[in-house]
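Number of protein chains: 2
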Amino acid sequence: MRITAITATPIAFADPPLLNFAGLHQPYALRTIVEVETDEGIPGFGEVAGGEQMQKAFRLAIPDLIGMDAFNRQAIRQLIIGGEGSDDTHQIMPGVADQRRRELVYSGIEVALLDIAGQALGLPVHALLGGKARDTVDFSAYLFYKHEGGGGSDDDIRDDIYGPALDPDGIVRQARALIDEYGFRSVKLKGGAFPPEQEMDTMRALHGAFGDGVPLRIDPNGAWTVETSVKVGVELDGILEYLEDPAPGMDSMSAVRGDLITRGVMTPLATNMIVTRFERIAEAYEKDACQIILSDHHIWGGLQATHELGRLCEAFSFGLSMHSNSHLGISLMAMVHVAAATPALTYACDTHYPWQRAEDEIIQGGRIAFEDGAVRAPDAPGLGIEIDRDNLARLHERCRACGIAERDDAAYMRNRVDPTFSPDPARW
Amino acid sequence: MRITAITATPIAFADPPLLNFAGLHQPYALRTIVEVETDEGIPGFGEVAGGEQMQKAFRLAIPDLIGMDAFNRQAIRQLIIGGEGSDDTHQIMPGVADQRRRELVYSGIEVALLDIAGQALGLPVHALLGGKARDTVDFSAYLFYKHEGGGGSDDDIRDDIYGPALDPDGIVRQARALIDEYGFRSVKLKGGAFPPEQEMDTMRALHGAFGDGVPLRIDPNGAWTVETSVKVGVELDGILEYLEDPAPGMDSMSAVRGDLITRGVMTPLATNMIVTRFERIAEAYEKDACQIILSDHHIWGGLQATHELGRLCEAFSFGLSMHSNSHLGISLMAMVHVAAATPALTYACDTHYPWQRAEDEIIQGGRIAFEDGAVRAPDAPGLGIEIDRDNLARLHERCRACGIAERDDAAYMRNRVDPTFSPDPARW
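Chains as they are written, first to last, in our numbering: chain A, 30 to 457; chain B, 30 to 457.
Honestly, the hints are just simulated from the structure, not real lab data. As the structure is a prediction and not an experimental result, all values here were calculated from the model. A portion of the hints provided could be inaccurate.
Said to hold, decoys possible - Partial pick of chain A residues on the chain B-facing surface, computed with a CB cut under 10 Å:
1. 150
2. 157
3. 159
4. 160
5. 337
6. 343
7. 344
8. 370
9. 371
10. 421
Yeah, the Cβ is synthetic: ideal placement off N, Cα and C, and Gly gets one too.
Can you build the whole structure from these sequences, using the hints too?
Structure follows, in structure tokens:
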């Protein structure tokens, strides 16, 4: 089966004003919807990060992929990313020197190729990855400090069902709403938005509201110093399932871990910042800089690579969880397939999915259902979804109209909230 | 597609009197040929180690696998081996406490399942593993000290085309014969059979005969002390591609490496002894006890696990090569598929294949062809082979008649050559 066409469609969907370390979510989140076509007629879909640089990368990559064997993902990977010992790195994307962007391009295409392969073969993607280790995939309630409003521009803003959440009470209210609607059984707070004392108060409020039965996590994206990270670790000892990226960089994380152990605090450190590539794992292991790795098939170079990361985590006794960025249902389904097929993935996964709106879903049948905080891995062929092309076209049109070229949370924060804002690592 | 039957047929094929650390190869090598049948009618084949204990393990495992989804290898693996966090280890094989034997059982079945999946889907096994990273797979000439004779019993002994090889000249002659016939471009000597000085003379003779263009390896299977290993490493510096398992155990290997580096010898250490499971890699990495891991899909739990080992080796900067035991064409084809699909596997693989006889091959069309020391990865569906059922029946009958219940090189050595023989680690 040969690849006959690849389309990378930029889209934008409404995104609420969520706060994080880097600033404030813009009114629209950008994604790229990848469609691969083959000479056997079945289209496959993938979804990755958006923005003009991604568009440029796809434009450079696509021509050389036309005509390639759709079943030989390895050859396509080598062409896009470069393989072990190969000299062809960057070859087909001479203007894209950034390894991360090449992994993203490959991931979008790999998911589409697995979707095609599954449909052609009558197998769900999890079977192509080796088979289900579980039938349902748990997700956590991903809490954000947020301002009022549901995102979008003046003419397509919608009801903000969650309201603002700028203090512990607001976050607890948000958690209740998400748990009521989705059944989540664990909770993660995106921190790094307010001084650590305030965020610790929020964690204590969540613990008070939900008790020990609901595992809690906080992720300030490296906004804290080593000292602050240790202080938070000590003060929240016993109520955190894990502490994600408290301090920036490998050595800071290692220092946090060392200090916490000295103080008898065994809360594991998780990361989606210091280890986002296979090549970074060895150093993290040597320095004991993290004990849990957050996978993300978009960033780690696809579903098969993510599945392989699971094996590596087992071998080196890392825990495995899953990271998320703002996304729609294609990404969610890809996450579900790989999580179902990866035994090591024992932590509930992150997802931004609740923050997106039903009317912005681009898969037929609308939003994917959650039960008890989990999504059932579909046994239908491929990803198990079909695309709503009208909605895809609408979101593409909106991308052209919305005026956002690249995600820039810091600029939007300066524009809307604090003209002096700067997303400095370890700022507290 | 459901599994309807699994047959594990014990076979025996003639094996020449090859010497190694453990003793002397018996006149017949034992293997198990696994055939999996499904309700869609396509049979698939695997090949693993033989002997009565393997028969017992398969007898215990098979009943619970009937009716399972042939595409859900993950579920079958979890049932046989036990998965991350599962309590069901040993569950279906209560008499088989040995993890290694369970991995072997799963591997034999996994290869057959991939063979079936490939045939059902019209895809070669390497495509199921992610696609070819290379079209041909290099093997090395696997040299053995040997006595005269081609193996087998009185009534089916054949011409011994290689003759005896008990000194440097004999080994060089053997190397030339193998290279002439197969085109091998690298050479490995199974050492540990004679005192190290003699084996070093042999390596020097090989280097003298073939020069720097033919990489050389020696593998005494841990027969040497740390001191001897270091001495060999120093004396053969510059003529070895790698030094495989010179000393027994993780700490001895680590000590050898440390001493060699102190002496400025950077020859990497390879192993198929101290690291034969994912769980052992971390310690080897920490102790720098080996720099090259020899994969073996039979031992590492199948082709997918071996492919994943490749990713792990890339991440932790281990080199990757491939180990072999006496085998026939099903195993060779499985090795070729996984090697073709694993970019990290940059060293020529081991194979005992030349030591087996054409009349003992159980795949249709006879022995698999080598060109320039390499085997072409077939693009036919599945493993790309069909079974010669008459020859399979003949080798099964011979297994019943040959009187060998388990491989025991030491007993055969005592019986035939040296009544006092004992395969002691670090004996030199």
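Subject >> List of violated hint numbers, smallest to largest >> reply: Hint 10 is the one this structure does not satisfy, whereas the remaining hints hold.
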